[in-house]
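Chemist: Sequence order for the protein chains is R and V. For what it's worth, the UniProt record's numbering labels the leading residue of the first sequence as 1, then goes sequentially. For what it's worth, the UniProt record's numbering labels the leading residue of the second sequence as 1, then goes sequentially.
Simulated from the structure, these hints should not be mistaken for lab results. Mixed in with the good hints, there may be bad ones.
What the hints assert, rightly or not - Only pairs whose alpha carbons sit at most 16 angstroms apart, straight line, appear in this in silico EDC-like list of lysine to aspartate or glutamate:
id : chain 1 : residue 1 : chain 2 : residue 2
1  : V       : 235       : R       : 370
2  : R       : 26        : R       : 105
3  : V       : 235       : R       : 362
4  : R       : 44        : R       : 60
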Amino acid sequence: MSEFREKVRAWLAENVPGDEELANAKRFQAALYDAGLAGITWPKEFGGQGLTSAEQQVFDQESARYDLPNSVFRIGMGMCGPTILDLGTPEQKARYIPPLLRGDEIWCQLFSEPGAGSDVASLQTRAVRDGDEWVVNGQKVWTTVAHLADFGALLARTDPDVPKHQGLTMFLIDMHDAAVTVRPLKDMTGRAPFNEVYFENLRLPADAVLGQVGQGWLAAVTMLGHERVSIGGFVRKRHDPLAHANLAETARRYGRDADPVVRAELAKLYAAERALALFNVRLRQEAEAGSPPGARGSVAKLAGAQLQQQAVAVAGLIAGPRATAWEPGDAAGEELALAINQTPSSSIAGGTDQIQRTIIGDRILGLPREPVVDRDVPFRELRVGTQRSA
Amino acid sequence: MQLVLDTEQQQLRSTVRKLLADHNNVRSVVDGDGAYDAVLWRHLAELGLTGLVVPEELGGAGAGHVERAVVLEELGRALAPVPFFASAVLAADALAALGDTEVLPALAAGEKIGALAVSPGWGPAPVSATERDGGWVLDGHAPFVISGDVAEVFVIYTADGWFVAEDARRMPLTTLDPTRGQAKLEFAASPARRLDTADPAAVLEEVRDLASVALAAEQVGGIGKVLETTVEYAKMRVQFGRAVGSYQAVKHACADLYSTSERAESLLRHAAWAADHDREALPLAAASTQAFTGPAYFAAAASGLQLHGGIGYTWEHDAHLYYKRAKSCELLFGGHDAQLARLAGRLDGVS
Ligand SMILES: Cc1cc2nc3c(=O)[nH]c(=O)nc-3n(C[C@H](O)[C@H](O)[C@H](O)COP(=O)(O)OP(=O)(O)OC[C@H]3O[C@@H](n4cnc5c(N)ncnc54)[C@H](O)[C@@H]3O)c2cc1C
Chain R
1 MSEFREKVRA WLAENVPGDE ELANAKRFQA ALYDAGLAGI TWPKEFGGQG LTSAEQQVFD
61 QESARYDLPN SVFRIGMGMC GPTILDLGTP EQKARYIPPL LRGDEIWCQL FSEPGAGSDV
121 ASLQTRAVRD GDEWVVNGQK VWTTVAHLAD FGALLARTDP DVPKHQGLTM FLIDMHDAAV
181 TVRPLKDMTG RAPFNEVYFE NLRLPADAVL GQVGQGWLAA VTMLGHERVS IGGFVRKRHD
241 PLAHANLAET ARRYGRDADP VVRAELAKLY AAERALALFN VRLRQEAEAG SPPGARGSVA
301 KLAGAQLQQQ AVAVAGLIAG PRATAWEPGD AAGEELALAI NQTPSSSIAG GTDQIQRTII
361 GDRILGLPRE PVVDRDVPFR ELRVGTQRSA
Chain V
1 MQLVLDTEQQ QLRSTVRKLL ADHNNVRSVV DGDGAYDAVL WRHLAELGLT GLVVPEELGG
61 AGAGHVERAV VLEELGRALA PVPFFASAVL AADALAALGD TEVLPALAAG EKIGALAVSP
121 GWGPAPVSAT ERDGGWVLDG HAPFVISGDV AEVFVIYTAD GWFVAEDARR MPLTTLDPTR
181 GQAKLEFAAS PARRLDTADP AAVLEEVRDL ASVALAAEQV GGIGKVLETT VEYAKMRVQF
241 GRAVGSYQAV KHACADLYST SERAESLLRH AAWAADHDRE ALPLAAASTQ AFTGPAYFAA
301 AASGLQLHGG IGYTWEHDAH LYYKRAKSCE LLFGGHDAQL ARLAGRLDGV S
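Turn these sequences into a full structure, and let the hints guide you.
Modeler: And the structure:
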């Protein structure tokens, strides 16, 4: 057992982001807040700046020159916060939004389960009413930053006797509760940015409900909409090795910049990068003019994943054998390998490419939906994931 | 930068769309003699669209490139068989850049049709100019002149600079795209007028950039139309007891068409905006737009045809017209490889 403890300790020490990194992120976010640069388009009442997307765009453009150290707040700022602003009570907004903007509190999104990924509505985590409270039992998986999170937006089943989409409720939970266990989960890059999360008789007060009881699917769809816009609208960081400018620089450094094939592929990549960036500007300008992006966030999300793959292909073309082996400690080699290994996440996380295409087809183009077999069946009677529901 | 059309621009769009719906005769041109739709051309001229970006004092409407892009999108959507791209874009832009005031008003008014002669890779046409009796004459030929079969005024870029001529022998070519003619022009001691400019090559570059934007507008219009008709068809066509659009293979291909369309439009809006408001950004914007829209239109047209199944491969269906237009557009200006090389060259100084 002590050998195992050693192993756990050593692994955690190496893989969990250091306190220093976290403290740094919080310091930076607090400084942003103090400078009046956090929550640029969020309501003033809750600590935001109440400005327009034009200011947000300026901020995004300028900050893209740097790698801002506050990505740990991305789920809170991009997804949970906006959903609370959409659906929360005044008390919930007042309690959660200002500390989120100040960088005091980190959020995670507790949707996916081993048996429920693309089909989130088939989740099995249960919340059972007990007097004024709710008692939660179940498991979540692939939960990004759960190990650092103070709060989570939890989707749970509150009624298994109605069809699956109707029996869900969203809760805002305290991740430090003793009834919540977080276990780091290693991803294919060898790091552990996400987790498994277990709930064992987690007790929640009635005011933990976000939106209405039984209306969790609406809350989930609201959050997933914000998620797609947030992921799709993500601006490439200055030092992202897959950004066109950096790949062009790499090509120069490796003496590959005169190769006509490399030049052509870099040119294609630039055009695709611009197309997506300008599409995002258009979405924002349209939202400003009164038509919100709706499901069009899926285009940004899908195109972003494709761009990532295209960039990896160009990187491989430029680097050749340097992408396969490098001197220990060679930062360029490590960076490129990490970029290659992270690529699959962009077409899975936040809804797979397949799911995005279906959303575009159904909701934007109005194509007929696929026949569904489980829409009107009580959840209790469904086959879920790879097992049968309890 | 403004990437969303304002109310007036949207109105312009509906006006042109309506005009094209009422008057477009693409089938009679395709199945007939392969010339152009003269009635439609007259209507476009009456609306002042043939001289849209030409200054008012030269007989134009003095509008911007964003507006011209709107018109070109509609022409591209409808595959309107009129020499707009050749005359109101290529020739008019060259004459405007060269400061010509003699022929441009006639072109702007749609009274005369112009065409531009360059080499296919946008170098000098293989035409030589000789000074004779105080004037100039041209000898040689210009291959692949867009709408050269119907044009009356030729703007020619040669190793000796820019010229305008009206006497050339037009030899119409058979074309992949039946909605837009091409011709080989022959000059044999043909009288010409020289258009003086300090830097002929710089004029060519500018004309080419504006042409890239204009062509992208046609392409974006074409992609939009392909998307619309394909989605309509996928909703209606039933196989195996379901509308084919409910099958993921079909639905996802439609989603990709949509994604392509949205991104191509975004590039176009920016490039057109840059043509009006940020000429410094134009070369890069124009080149990156063409690098994307060329293959995007062809892929969309091919996919749209595929999703129509057998009916898409028939002569009666319009799918092949878009397919042919898209491939022709992609091969213009030296083709996609040349577009990429041009963009790569412009990126060298950018980081
Ligand atoms: C890096 C990363 C971070 C993540 N972070 C979080 C997080 O913070 N919180 C959270 O809740 N979740 C998170 N997830 C989970 C993520 O949302 C799911 O992995 C994703 O939605 C896919 O679900 P799945 O893994 O169960 O795959 P499945 O749904 O089992 O899909 C398997 C395959 O089938 C395809 N498929 C499934 N259904 C359909 C369909 N109807 N039509 C066509 N194809 C279909 C999929 O596209 C996929 O190719 C994260 C995942 C990753 C990779």
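Chemist: Hint by hint, work out which the structure violates, then give me just those numbers in ascending order.
Modeler: When the structure is compared with the hints, only number 4 turns out to be violated.
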